[in-house]
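Asks: Just need the whole structure built from these sequences, with the hints factored in.
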Amino acid sequence: METRFIFSNTLEWNSGYQATISFGDKASFEFATPPEFRGPEGFVSPEELFVASANACALTTFIARTKKAGINILSYESSAEGTLEKVEGQMMFTTIVVKPRIKTDGDKETVKEI
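For the record, in the sequence shown the residue sitting at position 21 is 21 according to the numbering used here, with numbers rising by one throughout.
In silico DSSO-like cross-links for lysine-lysine, where the CA-CA straight-line distance does not exceed 27 Å:
(1) Lys-99 - Lys-112
(2) Lys-67 - Lys-112
(3) Lys-67 - Lys-99
(4) Lys-86 - Lys-99
(5) Lys-68 - Lys-103
(6) Lys-112 - Lys-68
(7) Lys-108 - Lys-67
(8) Lys-67 - Lys-103
(9) Lys-68 - Lys-108
(10) Lys-68 - Lys-99
Everything labelled a hint here was simulated from the structure, so no lab data went into it.
Replies: Spelled out as structure tokens, the structure:
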């Protein structure tokens with residue numbers, strides 16, 4: 001397996017606090033600064049995408065590790081919440097908590113370790 005991967009996207013500013021992000025021929029969508037930072041209502045924000053990315057990475061990591069252990073996933077749902085706060089004058093995520101609800105055919109302790 002390779003040890004270096006490059007992921008890319010393109011972005012085009014639309015107006016105000018809105019832009020469109022594109023992932024090649026896979027998908028594109030509009031996003032905006034969240035209302036908490038003077039952005040418009042009704043758009044996904046970069047902050048939400050960041051938390052969603054952590055949630056999605058938790059799932060894909062779990063899939064890879066259960067597959068390696070020979071465990072089948074029967075169901076997987078999760079919620080994620082990130083806390084953005086000012087630290088030393090800079091806004092940053094201080095926590096992202098992913099709460100999965102999982103059913104597998106594996107031993108409970110083994111799955112818990114994964």
